[in-house]
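S.K.: Sequence:
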Amino acid sequence: MHRPFLLKSLLFPFVFVCILRAQTPAKPQYGAWGFDLAGADTKTKPGDDFFRYANGSWIDKTQIPPDKPAYSLRLAMTDLTEQRLHEMMETLAAKDAADPSTLEERWRRFIARSWTRRASNNSAPNPSRVSCLTLRKRRRAPILRL
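Taking numbering that gives the first Met the number 0, the leading residue of the sequence shown gets 0, the next gets one more, and so forth.
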């Protein structure tokens, strides 16, 4: 009967701590609105080549990475997010704690276990799978002899 109230009372401090611990970015990727005037090429007339007028400066300055066919602000933000997540998981996995008392230590242990489990799953064959395959072969052998 009091379970929802208890759940809400425990959930509120957790959310509050998560909000407080969240890092604010140094500066936003986009300005106050969506169109980037710094990326425009004002030397080109809009009537001659509007694409060059709107994006010319950005096209001249932006280097496409060798492992990607194209590059955009979305891909730049995706790369930055993946880099931050990878760094965060590496730092958490590198820490060594005997007793996981904090949420961070529990998360670190979860990541380390999943990495070792994935490595062991990829390196060794599954014995139950092998035994099932041998049983199937044995059952089919008399049928194949007919």
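Incorrect hints may appear among the rest.
SDA-like, lysine to any residue: derived pairs with alpha carbons at most 20 angstroms apart [claimed, not checked]: (1) 60 - 35; (2) 60 - 39; (3) 44 - 55; (4) 42 - 55; (5) 60 - 36; (6) 60 - 41.
Label-pair ranges, simulated between beta-carbon atoms [unchecked claim]: (7) 105 - 62: 38 to 44 angstroms; (8) 83 - 109: 14 to 20 angstroms; (9) 48 - 85: 36 to 42 angstroms; (10) 41 - 112: 55 to 61 angstroms; (11) 43 - 89: 20 to 26 angstroms; (12) 111 - 34: 20 to 26 angstroms; (13) 70 - 43: 18 to 24 angstroms; (14) 64 - 87: 20 to 26 angstroms; (15) 113 - 37: 38 to 44 angstroms; (16) 35 - 106: 35 to 41 angstroms.
Simulated from the structure, these hints should not be mistaken for laboratory data.
Every residue gets a Cβ at the ideal spot worked out from N, C-alpha and C, and that includes glycine.
S.K.: Now tell me, hint by hint, if it's right for this structure.
M.R.: Structure-based check of all given hints:
Note on residue 60 and residue 35: the hinted pairing holds, with a Cα-Cα distance of about 14 angstroms set against a maximum of 20 angstroms. Distance check on the hinted pair: residue 60 and residue 39 sit about 11 angstroms apart at the alpha-carbon level, within 20 angstroms; holds. Distance check on the hinted pair: residue 44 and residue 55 sit about 11 angstroms apart at the alpha-carbon level, within 20 angstroms; holds. Distance check on the hinted pair: residue 42 and residue 55 sit about 9 angstroms apart at the alpha-carbon level, within 20 angstroms; holds.
For a cut-off of 20 angstroms, the pair hint linking residue 60 to residue 36 stands: about 14 angstroms separates their Cα positions. Annotation: proposed proximity of residue 60 to residue 41 holds, straight-line Cα distance about 15 angstroms (limit 20 angstroms). In this structure the hint that residue 105 and residue 62 lie 38 to 44 angstroms apart at CB holds, the actual value being about 41 angstroms. For the hinted restraint 14 to 20 angstroms between residue 83 and residue 109, the CB-CB distance of approximately 18 angstroms keeps it satisfied.
A C-beta distance of roughly 40 angstroms is found between residue 48 and residue 85, which places it inside the suggested range of 36 to 42 angstroms. Checking the proposed 55 to 61 angstroms range against residue 41 and residue 112 shows it holds: the Cβ atoms sit about 56 angstroms from each other. In this structure the hint that residue 43 and residue 89 lie 20 to 26 angstroms apart at CB is violated, the actual value being about 45 angstroms. A beta carbon spacing of about 45 angstroms between residue 111 and residue 34 contradicts the range 20 to 26 angstroms that was offered as a hint.
At roughly 21 angstroms, the beta-carbon separation of residue 70 and residue 43 lies within the given 18 to 24 angstroms, and the hint holds. For residue 64 and residue 87, the Cβ-Cβ distance of about 22 angstroms falls inside the hinted range of 20 to 26 angstroms, so the restraint holds. A beta carbon spacing of about 42 angstroms between residue 113 and residue 37 agrees with the range 38 to 44 angstroms that was offered as a hint. At about 37 angstroms, the beta-carbon gap between residue 35 and residue 106 stays in the expected band of 35 to 41 angstroms.
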